[in-house]
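**Student:** Sequence:
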Amino acid sequence: MEFQAQTFAQKVRHYLITTMGRTADEANLEEFYRAFCTSLREEIMINWTATMHTFIKQKSRMLYYLSMEYMPGRLFGNNITNVSAVDLIKRVLQILGRDFSTLISMEPDIGIGNGGLGRLASCFMDSLATLQYPAFGYGMRYHYGIFEQELMCGVQVERPDCWLLNQNPWEFRRDTHAVNVRFGGNPIERKNSHNETVYDLLDYDEVRALPYDLPIIGYSHDPNFSVLTLRLWSTKESPRNFQLQRYNAGEIGQASENTSLTDVLYPNDNHEAGKRIRLKQEFLLVSASLQDIIRHYREKHDTFNEFPDKVRIQINDTHPALVIPELMRILTQENDLSFMQAWNITRTCCGYTNHTVLKEALEEWNAARMSELLPRQFRLIEHLNGQFCSEIRTKFPGDEARVRQMSIIEGGQVRMANLAIYGSHKVNGVARLHTEILKSSLFKNFYELDTDKFVNVTNGVTQRRWLLYCNPKLAHFVEKRIGNGWITDFSQFRKIGDFAADPESQQEFLCIKKENKLRFLDMIRKDMQERHGTTEEFMQHHILGAEAIYDVQIKRIHEYKRQLMKALHLLMLYHEVKDNPQTHRVKRFAIFGGKAAPGYKVAKNIIRLIYCLARKINHDPATAHQMKVFYVENYNVSKAEVIIPAADLSEQISTAGMEASGTGNMKFSINGALTICTDDGANVEMRESVTDEWWPFLFGASADENIEMKKKHNYNPLDIYASKKPIKRAIDALIDGSLTENDAEVEALSNVHQSLLEGPPGIIADRFFVLNDLMSYYETQKRVEELYTNPSKWAEYAIHNMAGMAPFSADVSIDNYAKKIWGLEHCPPDLDELHRVREEYSKHDRCRVIPNDQ
1 MEFQAQTFAQ KVRHYLITTM GRTADEANLE EFYRAFCTSL REEIMINWTA TMHTFIKQKS
61 RMLYYLSMEY MPGRLFGNNI TNVSAVDLIK RVLQILGRDF STLISMEPDI GIGNGGLGRL
121 ASCFMDSLAT LQYPAFGYGM RYHYGIFEQE LMCGVQVERP DCWLLNQNPW EFRRDTHAVN
181 VRFGGNPIER KNSHNETVYD LLDYDEVRAL PYDLPIIGYS HDPNFSVLTL RLWSTKESPR
241 NFQLQRYNAG EIGQASENTS LTDVLYPNDN HEAGKRIRLK QEFLLVSASL QDIIRHYREK
301 HDTFNEFPDK VRIQINDTHP ALVIPELMRI LTQENDLSFM QAWNITRTCC GYTNHTVLKE
361 ALEEWNAARM SELLPRQFRL IEHLNGQFCS EIRTKFPGDE ARVRQMSIIE GGQVRMANLA
421 IYGSHKVNGV ARLHTEILKS SLFKNFYELD TDKFVNVTNG VTQRRWLLYC NPKLAHFVEK
481 RIGNGWITDF SQFRKIGDFA ADPESQQEFL CIKKENKLRF LDMIRKDMQE RHGTTEEFMQ
541 HHILGAEAIY DVQIKRIHEY KRQLMKALHL LMLYHEVKDN PQTHRVKRFA IFGGKAAPGY
601 KVAKNIIRLI YCLARKINHD PATAHQMKVF YVENYNVSKA EVIIPAADLS EQISTAGMEA
661 SGTGNMKFSI NGALTICTDD GANVEMRESV TDEWWPFLFG ASADENIEMK KKHNYNPLDI
721 YASKKPIKRA IDALIDGSLT ENDAEVEALS NVHQSLLEGP PGIIADRFFV LNDLMSYYET
781 QKRVEELYTN PSKWAEYAIH NMAGMAPFSA DVSIDNYAKK IWGLEHCPPD LDELHRVREE
841 YSKHDRCRVI PNDQ
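Counting with the UniProt record's numbering, you get residues 1 to 854 for the letters of the sequence shown.
In short, the hints are calculated from the structure, not lab data.
Honestly, I wouldn't trust all of these hints.
[Claimed, not checked] FRET-style restraints, in silico, Cβ to Cβ: (1) Glu747 <-> Gly823: 52 to 62 Å; (2) Lys57 <-> Phe100: 58 to 68 Å; (3) Lys819 <-> Cys511: 33 to 43 Å; (4) Lys191 <-> Arg295: 21 to 31 Å.
Note that beta-carbon positions come from the ideal geometry of N, C-alpha and C, so glycine has one too.
Taking the hints into account, I'd like the entire structure generated from these sequences.
**Tutor:** Structural data, given as structure tokens:
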């Protein structure tokens, strides 16, 4: 290793001089980081090139994964972990006199995602690479991310996420693969060779989509690892997308609309401009990616005869559902296939993953807007809708209500989920309960039309990032006891349960948890100092030490995820401790994190409530040593990698039947937290795997009970408010002035109060049943405190929970997708191809980073 370390160090010096004109001693941190990553990526490029060559050589069936968001986090640490080079890199940095943790902190989180959907997509890409499946990911290169969150007196302020402020050394700009995407225009009818109507386009807006590629490195103990591609489209760096004539005419906003299509993830669509940009974003992803997919295919095939066998396209949520009409258009208009040929190809190639049971979250687009922006695609959707409605009438004659419910276009709206289901050969939910709800309720009519189309693939997370990388001490704890086979075969992780009752293992586990808590507190200290210039006095007011129970809820702020329930419970505890300081023997550090969508006023009010609550509790001498509340600003992957290992209690308290799956629940359990939860999403399967004996904190109504209450309209939160004094006292505190200091806070908390007891205009009160489950949650939290007073028993439960996560690896999920939906075969890099690329590279550069097998 020493020779490799010395040669790698020399390569870093080489890049500093040749690309920046700096020596290793004088380079600043950013320059050093960029040169270091550039040196490392050379080795990765060898395998990346060989992997892609192998796919072409083998003519493999390829998966193309389309997602509007990913959350890769930082790449550097994960990359060196996956190529088993952590020790080597640390030695190189020692030679060069640089600090490992400082270098890692130089990298910003890649700002192309927001929540569980994007993080799941990134876990899946990691697993596809590690399992060596032939795959290619497509997404968008959002220049300013979704936003950087700052909390000013409880108000969420959205600022640009400047993750691209400095050059990203991991991305590669691919100008030769840029494509053009067309919007608007006048469709002109013509007949193709099959005497079917297709549409050409005149007077359209043409936007250039420029791709940037990120390497996705598969984990391997040897140098023959796979590297997949995540291709991100951008309109930012293409000057001709800026319409200068409109600018000069004073139409400033319209002039830059196409340039700004990839500026922000999920632009606020509470206005017309936001709606237009969001629809154009989705089509940009679809059109650019399909052109690229077909280019890939055309490199190996002269006709489309093998296309349905060689291509699989996964639609991750409804955002890329326009792939269905656009693929139909490309095949019929540009390649002269008949409509039925194109339809059979499309339906064979496409699969759709549903991620929500919330009807309001199922995308719909105004038909007039779609017709204006995408006239050819809209006409194809109309055609498909007519065909679909005829099929429904044939199978269910006389059932026009069913036809209206299943129609793709209804009431002037285009229902994207209906389009995705109709145009896909398989539709999957992401947890067993979720899939059953899709079949029995949300998409019941679709299921009755084609029962074979619906399958389940339960989500998973990659253990390589979410244990091996983010919690190295706990990973070492596991490796000492069961070896390291779990890194690529997570089924072996179940064996850690054999040590749950071992006193020595319990003690070591508790020591590791304490060290991770201290690391988390250090992160808070540095983050708050950097953001707000805060002092040690601030830390003393707002944190509790490692002896407290770290009670964590970190996720996107949404009513159904019920951050409000946790806040109301803390208010109830506050009142208890005020009345009797001896009530609670366990100190509680309540931690929140997550962003609210810019236009989601209710979610922002909940953040404001948490701020008011923290101010009250943290500064009250009667409670300050017993309870603290802290909100982590700008929650992202890198912060999750520190928070999750520190957590004692994982809050997964969504309204049962509302959460599709969840993946944060799995990450917490893998890292030794116990879960307080409803029987919702993947919690159901996690409980079954852990077993009820070791799953102590289940509470609340079941999904079936919630569905029944909705059907019968017999839920009245006022009854609970009137009959449960602790709940009444907490809710009254929202409007009695005890938490507020200004008119804005009064308004925000009054709106929360109204949502619980009266409901906003046109919406039922407490529609996510917060009060219905609150007393059950309150009583279960008592059991949490009781168990926490017995550290050894708590550790025993935690280790059993870790062991129970063995089925919840993203590797398992991807294998299930490969078998049930994609029909993919493993395709490791061809050794001859690897040898050829290495040889060609080595003729001019003998500096090796990772040893080859020669």
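**Student:** Now tell me if each hint is right for this structure.
**Tutor:** Here's how the hints hold up against the structure:
{"no.": "1", "hint": "Glu747 <-> Gly823: 52 to 62 Å", "result": "holds (56 Å)"}
{"no.": "2", "hint": "Lys57 <-> Phe100: 58 to 68 Å", "result": "violated (38 Å)"}
{"no.": "3", "hint": "Lys819 <-> Cys511: 33 to 43 Å", "result": "holds (41 Å)"}
{"no.": "4", "hint": "Lys191 <-> Arg295: 21 to 31 Å", "result": "holds (27 Å)"}
Violation of the numbered hints given earlier is confined to hint 2; every other hint is satisfied by the structure.
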